[in-house]
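Residue numbers (my numbering), protein chains in the order written: chain S, 17 to 298; chain H, 8 to 309.
Since the hints were derived computationally from the structure, they do not count as laboratory data.
Careful: at least some of the hints might be erroneous.
[As the list claims (entries may be wrong)] Cβ-to-Cβ under 10 Å is the rule here; a few derived chain H residues that face chain S: (1) Pro31; (2) Ser72; (3) Val91; (4) Leu132; (5) Leu292.
Ideal Cβ placement from N, Cα and C applies to all residues, glycine included.
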Amino acid sequence: MSAAGARRIEAKAVRVLVLVSFTVLLAFPFFWMLIAAFKQNLDLYTVENNPFKFNLPPTLDHVRFLFGQTRFVRWLGNTAFVGVIVVAITLLVAVPAAYALARLTGRWGERLGIAIFLTYLIPPTLLFIPLSRVIGILGLQDSLFSLVVVYPSMTIPFSIWLLMGFFKSIPRELEDAAMVDGLTRFGAFLRMVVPISLSGILTVVIFTFTLVTQEFVYALTFISPEARQMVGVGVPIFLVRGDVYYWGALMAACLVASLPIGIVYNLFLDRFIAGFTVGSVK
Amino acid sequence: MSAPARKASAARSPSALGIAMFAPAVLYIVLLIGAPFALAILYAFSDARIGATSIHFAGLENFRSILQSPSFRMAVKNSIVFTVCAQVIIIVCSGMLSIALEKPFRGRGFVRFLILLPWVAPVSLGTIGWKWILDSIYSVITWVLVSLHFYKPYSAPMWLGQPHLAMASVILVHCWRLIPFSTVIMLAGMSAISREIPEAAAIDGAGFWRTTFQINLPMMTPIVSVAVLFGTVFTFTDMTVVYILTAGGPFDSTQTIPTLAFATGIAGSDLAAGAAISLFLVPVLVVVAYLMLRIAHRAEVV
Numbered sequence: 017m018s019a020a021g022a023r024r025i026e027a028k029a030v031r032v033l034v035l036v037s038f039t040v041l042l043a044f045p046f047f048w049m050l051i052a053a054f055k056q057n058l059d060l061y062t063v064e065n066n067p068f069k070f071n072l073p074p075t076l077d078h079v080r081f082l083f084g085q086t087r088f089v090r091w092l093g094n095t096a097f098v099g100v101i102v103v104a105i106t107l108l109v110a111v112p113a114a115y116a117l118a119r120l121t122g123r124w125g126e127r128l129g130i131a132i133f134l135t136y137l138i139p140p141t142l143l144f145i146p147l148s149r150v151i152g153i154l155g156l157q158d159s160l161f162s163l164v165v166v167y168p169s170m171t172i173p174f175s176i177w178l179l180m181g182f183f184k185s186i187p188r189e190l191e192d193a194a195m196v197d198g199l200t201r202f203g204a205f206l207r208m209v210v211p212i213s214l215s216g217i218l219t220v221v222i223f224t225f226t227l228v229t230q231e232f233v234y235a236l237t238f239i240s241p242e243a244r245q246m247v248g249v250g251v252p253i254f255l256v257r258g259d260v261y262y263w264g265a266l267m268a269a270c271l272v273a274s275l276p277i278g279i280v281y282n283l284f285l286d287r288f289i290a291g292f293t294v295g296s297v298k
Numbered sequence: 008m009s010a011p012a013r014k015a016s017a018a019r020s021p022s023a024l025g026i027a028m029f030a031p032a033v034l035y036i037v038l039l040i041g042a043p044f045a046l047a048i049l050y051a052f053s054d055a056r057i058g059a060t061s062i063h064f065a066g067l068e069n070f071r072s073i074l075q076s077p078s079f080r081m082a083v084k085n086s087i088v089f090t091v092c093a094q095v096i097i098i099v100c101s102g103m104l105s106i107a108l109e110k111p112f113r114g115r116g117f118v119r120f121l122i123l124l125p126w127v128a129p130v131s132l133g134t135i136g137w138k139w140i141l142d143s144i145y146s147v148i149t150w151v152l153v154s155l156h157f158y159k160p161y162s163a164p165m166w167l168g169q170p171h172l173a174m175a176s177v178i179l180v181h182c183w184r185l186i187p188f189s190t191v192i193m194l195a196g197m198s199a200i201s202r203e204i205p206e207a208a209a210i211d212g213a214g215f216w217r218t219t220f221q222i223n224l225p226m227m228t229p230i231v232s233v234a235v236l237f238g239t240v241f242t243f244t245d246m247t248v249v250y251i252l253t254a255g256g257p258f259d260s261t262q263t264i265p266t267l268a269f270a271t272g273i274a275g276s277d278l279a280a281g282a283a284i285s286l287f288l289v290p291v292l293v294v295v296a297y298l299m300l301r302i303a304h305r306a307e308v309v
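Using the sequences plus the hints, can you model the full thing?
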């Protein structure tokens, strides 16, 4: 075999090794959740047992406990409720704003867009203390509506940024033609631009919804009753009774709440990434 | 209407409409980001507490007591250590991973999905998964080490119970969560780099090292910077990982600026001191914002 051929095989082996080891490392916690979710307690809590195999037959007890005796389903419902309203608010505010920015001529459009994008970098951990007081004054303490009000401040900036790029790719002639046909500018926006931007709008919907499920700091700060938790706070804080961890049920909960979001997000990944690269990739 | 007048009104009317379309977004950002930020600064110079109805100006009192507290100094040190260590590991790992992932192969979509899970799954839930992996008694890592005879049964270290191991665990979870994000950003960057320039250089006689250091790396710099900047913000300002994994312990050894701000301001009811602590996130955010602007500006010019 030639030296070049040997080198090629070596390069391929290194590549496979890198891929396999990283995939195993990154996905391992989810595999571990899956195993723990179906193991009997006696199996989970015996130190000598090989944790990689089922030493006792698998059980559905943890899943039954999770859905029957905890507020898990309620938390999923709360998350979906907040998610849907926040998506609606985000779309109502971000779609028109992004369009206005995309059509704003000159450097100002670009600069305003970047300024808005930068507000996405301001983290909840900087604002949660004053906001907790504001939420109290508004009488929204312990209400899911505190999150409905606050979350759009995290989703609107990035959504405007994503949609702005999207609208810019739509030729102006389209609206001009619609306006010649008698539509107002706003009418042209609603009837021509919005319908052909549906995939961009769907991206914003997914982005907003995943952000609502991932957020932790505001949900932890504003809401204390167990029945009104979001899934991301309810599972880690309220599935623990005193010092007792229900690991089987906890792992089942993590898996059930993570996988659907993971699958949907994966479908839209390339569009989000286009937003994150700040124009440094063309 | 004369032609110039019509032109003028056409130029004016869309801008009025533009302002109307843009105003709600600005209002939202000003009310829910700008105003709370101003309030955070105000609180930091006051004596605000949860439950107290009146607020008084307290000058630099909060900052004086914070700067004297060992917990705070520990938190600043940890925040910097965690952020820097995590970024170095993340960039090295995601660099390797993105190169390995670049060429298409069978099952690439599924591999990408598995790799992405840590970034996509809710942070708090992924961290709980790690808490089980790092459990003091039933840790799988402990089991493997014991069965490989590195440790005798029951003598393995408690991963989250000893200061240095707890710090390493926090860094590990941050890396785990951000490597996927950084990898896809780099993949996007690599797909945009033209193959022609390195090939032309190779024809002109540039060797592997020269192509790597003088062509490939400089071309990757903007995209790697973007990954580092986002990673820095996501690690430095994150509270979830530490709060769930160690709650800042043992003995403040994993306390960070955000977790200390929460412990002081919300759990400890001292809004003023909590706000003052969280303001120490701002310098890093300002630097990141400045660098982001430079990258965006350069992208705009090119």
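May I ask you to test the interface hint for Val91(H) with respect to chain S, counting a Cβ-Cβ separation under 10 Å as satisfied? Interface hint status for Val91(H): violated (18 Å vs cutoff 10 Å).
Does Ser72(H) pass the interface check with chain S, least Cβ-Cβ distance below 10 Å? Not OK, violated: Ser72(H) not within 10 Å of chain S, min 16 Å.
Does Leu292(H) pass the interface hint, meaning its C-beta sits closer than 10 Å to a C-beta of chain S? Constraint on Leu292(H) satisfied, holds at 6 Å.
The hint names Pro31(H) as touching chain S; please verify it with the least Cβ-Cβ distance against 10 Å. At 5 Å from the nearest chain S Cβ, Pro31(H) passes the 10 Å test, so the hint holds.
Given Leu132(H) as an interface hint, is its Cβ closer than 10 Å to any Cβ of chain S? Holds, because the Cβ-Cβ distance from Leu132(H) to chain S comes to roughly 4 Å (cut-off 10 Å).
Hint check: violations occur at hints 2 and 3; the rest are consistent with the structure.
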